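*Asks:* Residues per chain are reported as follows:
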Amino acid sequence: MENNIKLNFESYLNEKNFTSSQKEIKEINFDNFIKNGFPNRRIEDWKFSDLKKIITNNFENIDFSKKEAQLNIDENLIGDLEHNKITFINGAISNIDFSYENEDKIIVEQNLNLENELSKNTLLNLNTAFVSNYTKILVKKGYQFKKPLVLFNYLSHDLSNSGLNTRLDINLEDEASLNIINISNENLNNNFLNFRQKINIGKNSILKNYSLDINETSNIKYSFKDINLEKNSHLEYFILSKGSKFAKHDINCSLNDEYGSVVINGIIDLNDKKHHEIKTIINHNEENCKSYQLIKSVLNDGAKGVYQGKIYVNSKAQKTDGYQLSRALLLSNEVEFNAKPELEIYADDVKCSHGSTSGNIDENSIFYLMSRGLSYAQSKKLLTNGFLNEVIEKITNEDVKLLVKKLTGITE
Amino acid sequence: MDNRQKEIDNLKDYKYGFSTDIENTRAPKGLNEDVIKFISNIKKEPQWMLDFRLKAFERFKQLKEPDWQKPKYPKIDYQDLYYYSAPKSMDDKPKSLDELDPKLLETYKKLGIPLQEQARLNGIAVDAVFDSVSVATTFKEELTKQGIIFCSMSEAIQKHSDLVKKYLGTVIPTTDHFFATLNSAVFTDGSFVYIPEGVKCPMELSTYFRINASETGQFERTLIIADKGSYVSYLEGCTAPMRDENQLHAANVELIALDDAEIKYSTVQNWYPGDKDGKGGIYNFVTKRGLCKGKNSKISWTQVETGSAITWKYPSCILKGDNSVGEFYSIAITNNHQKADTGTKMIHLGKNTKSKIISKGISAGNSDMMYRGLVDISSKADNSRNFTQCDSLLMGNKCGAHTIPYIKNKNLKSNIEHEATTSKISDEQLYYCNQRGLNQEEAVSLIVNGFCKEVLQQLPMEFAVEAQKLVGISLEGSVG
Chain U
1 MENNIKLNFE
11 SYLNEKNFTS
21 SQKEIKEINF
31 DNFIKNGFPN
41 RRIEDWKFSD
51 LKKIITNNFE
61 NIDFSKKEAQ
71 LNIDENLIGD
81 LEHNKITFIN
91 GAISNIDFSY
101 ENEDKIIVEQ
111 NLNLENELSK
121 NTLLNLNTAF
131 VSNYTKILVK
141 KGYQFKKPLV
151 LFNYLSHDLS
161 NSGLNTRLDI
171 NLEDEASLNI
181 INISNENLNN
191 NFLNFRQKIN
201 IGKNSILKNY
211 SLDINETSNI
221 KYSFKDINLE
231 KNSHLEYFIL
241 SKGSKFAKHD
251 INCSLNDEYG
261 SVVINGIIDL
271 NDKKHHEIKT
281 IINHNEENCK
291 SYQLIKSVLN
301 DGAKGVYQGK
311 IYVNSKAQKT
321 DGYQLSRALL
331 LSNEVEFNAK
341 PELEIYADDV
351 KCSHGSTSGN
361 IDENSIFYLM
371 SRGLSYAQSK
381 KLLTNGFLNE
391 VIEKITNEDV
401 KLLVKKLTGI
411 TE
Chain W
1 MDNRQKEIDN
11 LKDYKYGFST
21 DIENTRAPKG
31 LNEDVIKFIS
41 NIKKEPQWML
51 DFRLKAFERF
61 KQLKEPDWQK
71 PKYPKIDYQD
81 LYYYSAPKSM
91 DDKPKSLDEL
101 DPKLLETYKK
111 LGIPLQEQAR
121 LNGIAVDAVF
131 DSVSVATTFK
141 EELTKQGIIF
151 CSMSEAIQKH
161 SDLVKKYLGT
171 VIPTTDHFFA
181 TLNSAVFTDG
191 SFVYIPEGVK
201 CPMELSTYFR
211 INASETGQFE
221 RTLIIADKGS
231 YVSYLEGCTA
241 PMRDENQLHA
251 ANVELIALDD
261 AEIKYSTVQN
271 WYPGDKDGKG
281 GIYNFVTKRG
291 LCKGKNSKIS
301 WTQVETGSAI
311 TWKYPSCILK
321 GDNSVGEFYS
331 IAITNNHQKA
341 DTGTKMIHLG
351 KNTKSKIISK
361 GISAGNSDMM
371 YRGLVDISSK
381 ADNSRNFTQC
391 DSLLMGNKCG
401 AHTIPYIKNK
411 NLKSNIEHEA
421 TTSKISDEQL
431 YYCNQRGLNQ
441 EEAVSLIVNG
451 FCKEVLQQLP
461 MEFAVEAQKL
471 VGISLEGSVG
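Residue numbers (the numbering used here), protein chains in the order written: chain U, 1 to 412; chain W, 1 to 480.
Isolated chain W, as found in the complex (with noise of 0.2 angstroms):
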């Protein structure tokens, strides 16, 4: 097979392989107080976020890398990576989408993001985040007539500095483990949400990341509060151009849920997982940490998980309020070589707190899929509750799927369910469905789909077309 048709093999694979051809500004190469200052200089910030930042670089000064995790990864150089890549033309911010950089558009419009307002009928809000910096927020306007905040982290940190004073750093502080740290120093942008209180946020929010630049490692940081009373849906969608060389990927998700409120969080992660030798592909680790900080609060984490060379990461709810609720969802499916270490920590320490974990997870190819989770129930968190379910799916003899869960119990009224189950599609059901005129890719496409059901069913509307004609390209050519 020749080069060329290799490449057009390729991208039928993964459909977001392109990569834009646009004049980039960086940080200089490497970790340093320098390339910090530069970042923060160059966002224009305050001297508190400096300082934020460079706390949490002294602490990482002295962290060690990670090493437990079933996933091993070949060491990452720090020094050898951009921590800063803007498109050029974002150098003098544009003020309308008018000016925006046509190329920039056209990337997006490949992707499927509707920027352009006119797109109205998707009625999706939408904060679009290229390589380093976000490059444009739709609906602006609509959204703040509510007093709902939806812009780029940068420029939260500008005009409603004292909110992001306030919280940013208080689920994941600058002290946390090792790429939270780093990210803690090094963030460049992100979405801040902010919905005030009593408000129902009228759409779906949504960020879409995407790296395009190559040596560069993306550190976006995510900040949603949700006042008193408030509910918002948030969604998160990631894609990544092709390249042969590991890009890392370690972005800080933070929310904060206050009495009463209610924050839903959807992710279709889909970076470039690498080909089918396991040659490139993100890095993806990632925190995501809620808190459920006031009374009757709800945090839910929905999770599609289909690319990334490596996926590490535990969407997390920490449930302080009484009576809160916290709910994850997830759905991974690693085919070829990708590998993901992926599953949630439910930390419960307020009274008659609630928790649910439905956890699917799907392994193909010689890919390694691993659900690793924690209930822990602390001696002051009267009647509360979880239930988890982690069910895996085998298919071949190359692949490993595998759990563990970590159950603490230190209430005496509290009840802990948990279970799990690992097999594979049925040849009984393979034939139930070939008999009445499946071909055999149908049939597990239709299998899996069923097997997902229950997660899928979580995401918003334009988000589970999406997610469920992913499932069935993740699989494709794993049959059979």
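Next comes chain U alone, as it looks inside the complex (with noise of 0.2 angstroms):
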């Protein structure tokens, strides 16, 4: 597989006319990609996703050169929710509609130069070397958008065995707002998707970011996400983990001046010995910030579900509240659950906890309802949704809740 990516490497960059520094950063990142492969379980933030051996099993040969398409889309994949949108098609983008918006206050610019920087993570090495159309999203002070983004990922039909890498930033500039929906429809095939964001959030701003992965694909997804908060500025994020063979969501978030506050609210829901990971670092890196994070877990099937979340507390950020909770439902034989809910703290006067369980539906529950003259099937199901809508009663944008009740089946 290493040579083919070599050659791939190779095509690519010759096919296209970069710059010289632009070259050397591609070429150095790839360098360093291919000294060390992809993760293993030997480092610590891949202890419990050993994505080499998933690459190995699931891939025979990765193809990374580009793939361009046309597709006539004619799906409704969120139904009737007013929206702005990007599409993606194979990882590039094919459209951008700003038609509920002041497009004057919005600036979307594309293939941008990659900054000089080498990770310690290597797909975000390989993301750097591969990826073609770097493209930022900035919305300019005091706007707010009326609608939410939605950004569409689709694949084409032909596409299959290949290795996407994309990175799109956003920059919100001081009293700002802005929603995203992030949503896929993809093809059936194997493909490994490697998605990149930088996220800058600016004094007094909100962004609310919604990751749906919903269909059902036998795709290998991780997105790593970088995110930065400025003073009283707001991100909330949710994550609906389901469709995917694998996934991991990677979110990387910075407190960077004082009141900012994080809620990141996730769903693992699988079955069908479907692998995902939600990671989360929260830095608090000054006073009077807050974090909130509550993941809830429902594993069938031969699933494995894994949870990797940290709350770093600097010495200088006091008063600073913290919390983590995860929760996991283990509903059949051979599934696995794996949590590392850590605490790095180094100020004094703060408030940090985490809990985390796992466990089966507790029988006394599922009496109570059968007495009742429901199924044990219904019963199961209706504890389930209970346990999951509590995370999706959580969205704080109305519209979004009622979509994503209405992709999960979960109602009241």
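Quick list of simulated restraints, FRET-style, between CB atoms: (1) Thr56/U x Gln47/W: 43 to 51 angstroms; (2) Phe178/W x Lys35/U: 23 to 31 angstroms; (3) Phe178/W x Lys52/U: 23 to 31 angstroms; (4) Met1/U x Lys75/W: 34 to 42 angstroms; (5) Gly37/U x Phe178/W: 21 to 29 angstroms; (6) Gln69/W x Lys136/U: 37 to 45 angstroms; (7) Arg42/U x Phe38/W: 36 to 44 angstroms; (8) Leu112/U x Trp68/W: 32 to 40 angstroms; (9) Gln47/W x Asn333/U: 43 to 51 angstroms; (10) Tyr376/U x Asp162/W: 50 to 58 angstroms; (11) Ala92/U x Lys75/W: 50 to 58 angstroms; (12) Asn36/U x Lys140/W: 56 to 64 angstroms.
For the record, the hints were derived by calculation from the structure and aren't laboratory data.
Predicted model only: the values in this text are computed from it and were never measured.
We put the beta carbon where it would ideally sit given N, CA and C, even for glycine.
Take the two lone chains, each set in its own frame, and fit them into one complex as the hints suggest.
*Replies:* The structure is reproduced here in structure tokens:
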């Protein structure tokens, strides 16, 4: 596989006319990726999800060469929700539509130059090496989006055993606000998707990000988000992790000034030997910041769920309030749930706590429902839905909440 | 401040900081096969024991020193240590306590250990380990009557070699991690306990470890076997003199509980923690592991960790027998420049196994405290349960408190609950105490003792008092 990737990279560099400095950045990153390869479980962050093994088990070869394609998109993934959209086909932007907004207030920059950096995360190296259209969306000072922005990710039907690397940065200036919905409809073929995003949230700004991975695919996905929050800004992050064969959400969030707040809510709802992971790091770098995380998992039929969460509190960050709760329901044999909720604290005037539970549905509750006429399956369904609904109820955008309920079939 | 005054002040902080002037027999410096043969020879060990050591040493040569842990320390030169040091008067073993070097007795008197059997009131059988060898075991006769074997490891290798051979290395094999393997190769002495079937040990068994000589590492090995239906409570205490060098202590402790047996293992660890600037102190890298081999067996670890420059240990339970129970109660206190990376591992293999972890960490000064734990429920361990609670208290913003639990559940009929909090002593609590006439320091001591109470309660009475005082002393000067 390694040789093939090298060939892909060479032809890719030749195809495009990169400036020499850009070429160099890509080469350095590529070399680092080749040197270290896909992360394996010897690396602490990948302890519970050995990507190297997953890649070898699923791919004989990954093709990183570019696949441009045209698609007629007639499906409606999100019902009648009014929205702006950016459409990606095979990882490349095909359409940008801000019809509900004042387009003077939004800047979309494409084909940007990559910064010179070398991450220790080899998947980011890979991303930097192969990403072709580095795009950035900038929301100008004081502009509030009227309707949510939906990022559609489509894959053409003929795409298989391919690797796609995309990068879309979002920059909210001060007093701005934006709601993003990330949704994908992918084919059933094996592909490896590596999505990177850097988000800056300016003073007094609000970003709500909803990641919905709902359609059944056999794709292997990694998404890395690097989020920085300024003074008095707020982030709401919701993850519905359900459809892909393997998915890892890697969220790195830094509260860089006072009174910032972060809410991360996640659902891992798996069956059929899927393997999903949510990994978060919340860096409390300044005083009076708040973070709240709630991750709930339901595991069926040999599925594996992982939650790794870390709250880091700098010695300057007094009055920090950090909370983390992970709960998992194990519903069949051969499922596995692993958690590593971590606290790293260097300031004394803080309130930080975490909780983690995993186990089966309480038989007493099942009995209660069955004695009132429900079947075993109905009772189980009702209890599981109630369990997950708590997370959905935390969505503050009412339209999105309805959409998620519709997509998951979980209603009160 | 002149030096003398400094010395006196230091002594106030760590009252076990004296060293005793006793002639020592030492193995040549360094680590090689000859040194291992020297140790084995001087202890008149049988061939299988030497083979065990050499096998471990072979393995040790291939191992790399771990570096994933949080408390980093300067590289230890394993060739620059003495692996065997014994008071000279031990060369010909004394027949009774009267023949012991009076200086040794004096040392233990200073430590408050009742070696003389006259101190019967205490009612605790003690095995004292000085540097590398066990110097005396008390109450032997009474224990022998019940068939209990409580003696030094060297003696056990000679007199009860069948038992040692059967169990030694079954919980911590010679192929384990770096420090455990080093211990298997060069261990010098330690305690051996065997409780026969159906016997409830009538008194607390206790070991006191002391490092005296400089430039020595202490590598003791403890093996406790509780046969079917038996019960034993075992206490361990440790001190060391103040030196401005770091000394290595890498012990191995193996517990084996057969059907319906129960072992309660309590530690009050008060090795020299180094001075206020973090100079000197003991590196306490200990491997402690218990195996609940039989059905309905129980192993309970209780530890109060106040000493050592670096503490790095995870007393663990392997719950192999059905219905077995593992418990871990811990208080870890770090002050000044101390560092601790401690916690437990509960590995559930049998059905209906239960484990409980209560960990309290207090960190003050410039210290760093970490709870690192593993709860692993395998797919065969139906109806297992774990409850974990780890609370940390921070005093000042130069210290750190961290929690890293690894929680793995592969069984749908099993439940794991984990909770952790980190906070400081609230101003309201202090105010409440001040208002009722307690000064700041008394108030903190009261609140901290309350915070630790759940764990302190688990200690045998004699230890609980000592531990409570230790908690107070360790935190002196950290408030205000």
